[in-house]
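Put chain B on the given structure of chain A with help from the hints.
Single-letter residue listing:
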Amino acid sequence: AQSVAQPEDQVNVAEGNPLTVKCTYSVSGNPYLFWYVQYPNRGLQFLLKYITGDNLVKGSYGFEAEFNKSQTSFHLKKPSALVSDSALYFCAVRPLREYGNKLVFGAGTILRVKS
Amino acid sequence: DGGITQSPKYLFRKEGQNVTLSCEQNLNHDAMYWYRQDPGQGLRLIYYSQIVNDFQKGDIAEGYSVSREKKESFPLTVTSAQKNPTAFYLCASSRTSGSFDEQYFGPGTRLTVT
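Chains as they are written, first to last, in the numbering used here: chain A, 1 to 115; chain B, 1001 to 1114.
These aren't lab readings, by the way, just hints derived from the structure by calculation.
Please note that a few of the clues may not be correct.
Per label pair, the in silico range of CB-to-CB distance [what the hints assert, rightly or not]:
#1 Q45(A) to Q1056(B): 40 to 46 Å
#2 Y39(A) to K1083(B): 26 to 32 Å
#3 E1062(B) to N41(A): 25 to 31 Å
#4 R112(A) to N1053(B): 43 to 49 Å
Computed cross-link-like contacts, EDC-like style, restricted to lysine to aspartate or glutamate with a CA-CA straight-line distance of at most 16 Å [as the list claims (entries may be wrong)]:
#5 K58(A) to E1102(B)
#6 K49(A) to E1102(B)
#7 K49(A) to D1101(B)
Keep in mind that this is a model prediction, so the values were computed, not measured.
Note that CB positions come from ideal geometry on N, CA and C, so glycine has one too.
Excised from the complex, chain A in its bound form (with noise of 0.2 Å):
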C-alpha cells in the first residue's frame, strides 16, 4: 500500500532556531513528493517539490526539503524558524504508477514556533 507518515503530531522550535518536519514514505517506484502548509481554517499552500536531481529542494518562505532515497524521506527544514512559520505542515506523495495526479497525504505535523 502506498502511504505517507509524518512521525511527529507537533513539533515545538524557538524562534530562531532551525526547523525539521519529518516526512517518510512507501511506494512503488520513484515518486514525486510535495509540501503543503495549511493556516487554521485555510487551504492548503504548496510550499515545494522534488520531482528528480538535486536531493535537496528550495521552496517558500526560506524552506528547503531534503530527499534521501535511501531513508525515502522527505523532511522539511528552514535554517531559522519565525514565529509565522506556526501552522499545519503537510507531505505528499504522487506514485508514478497511478493514474491520475492523485496525491496521498500525511496526516499532518503541527509546527508551533515560540519567541
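What follows is chain B alone, placed relative to chain A:
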C-alpha cells in the same frame, strides 16, 4: 487560495438532507479534486476530474456525487447516504493531470450536519 473559490465558508444541514458544495476556479486548470479533511487524518480524496464531463472516484467516494459540466466548476453533493458528513471539505485544481503539477487549493467549506 487565489483563483479557487468555495462557497459557502460554513454550511449547516439537518441529517437526511442532501447538500451541494460549490467550487469554481479561474486558473484555466484542466484537473479538479475534492478532498475531505478530518482532524488527525490528513486529506482524503473523494473525487477527481481530469477533463470536462469525466470524473473518477477517489478513496472515499461513497455517499458523495460530483459533476463536471464546465471546466471552471466542480460541485460536490454530499448525500444523505454519507454516514458521517461533518468535516472540512477542500477543493483543488492543477494545470493538467500530469504527475508533477502541484495542486492549488481553495479556502474550504466547513460542513456541519446535525
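Hint-by-hint comparison with the structure:
1. Q45(A) to Q1056(B): 40 to 46 Å: violated (25 Å)
2. Y39(A) to K1083(B): 26 to 32 Å: Taking Cβ atoms as reference, Y39(A) and K1083(B) lie about 30 Å apart, which means the hint holds.
3. E1062(B) to N41(A): 25 to 31 Å: holds (26 Å)
4. R112(A) to N1053(B): 43 to 49 Å: Holds, at about 45 Å.
5. K58(A) to E1102(B): Distance of about 15 Å is within 16 Å: holds.
6. K49(A) to E1102(B): Judged against 16 Å, a Cα distance of about 8 Å means the pair holds.
7. K49(A) to D1101(B): Holds, at about 9 Å.
The earlier numbered hint that this structure contradicts is number 1, and it is the only one.
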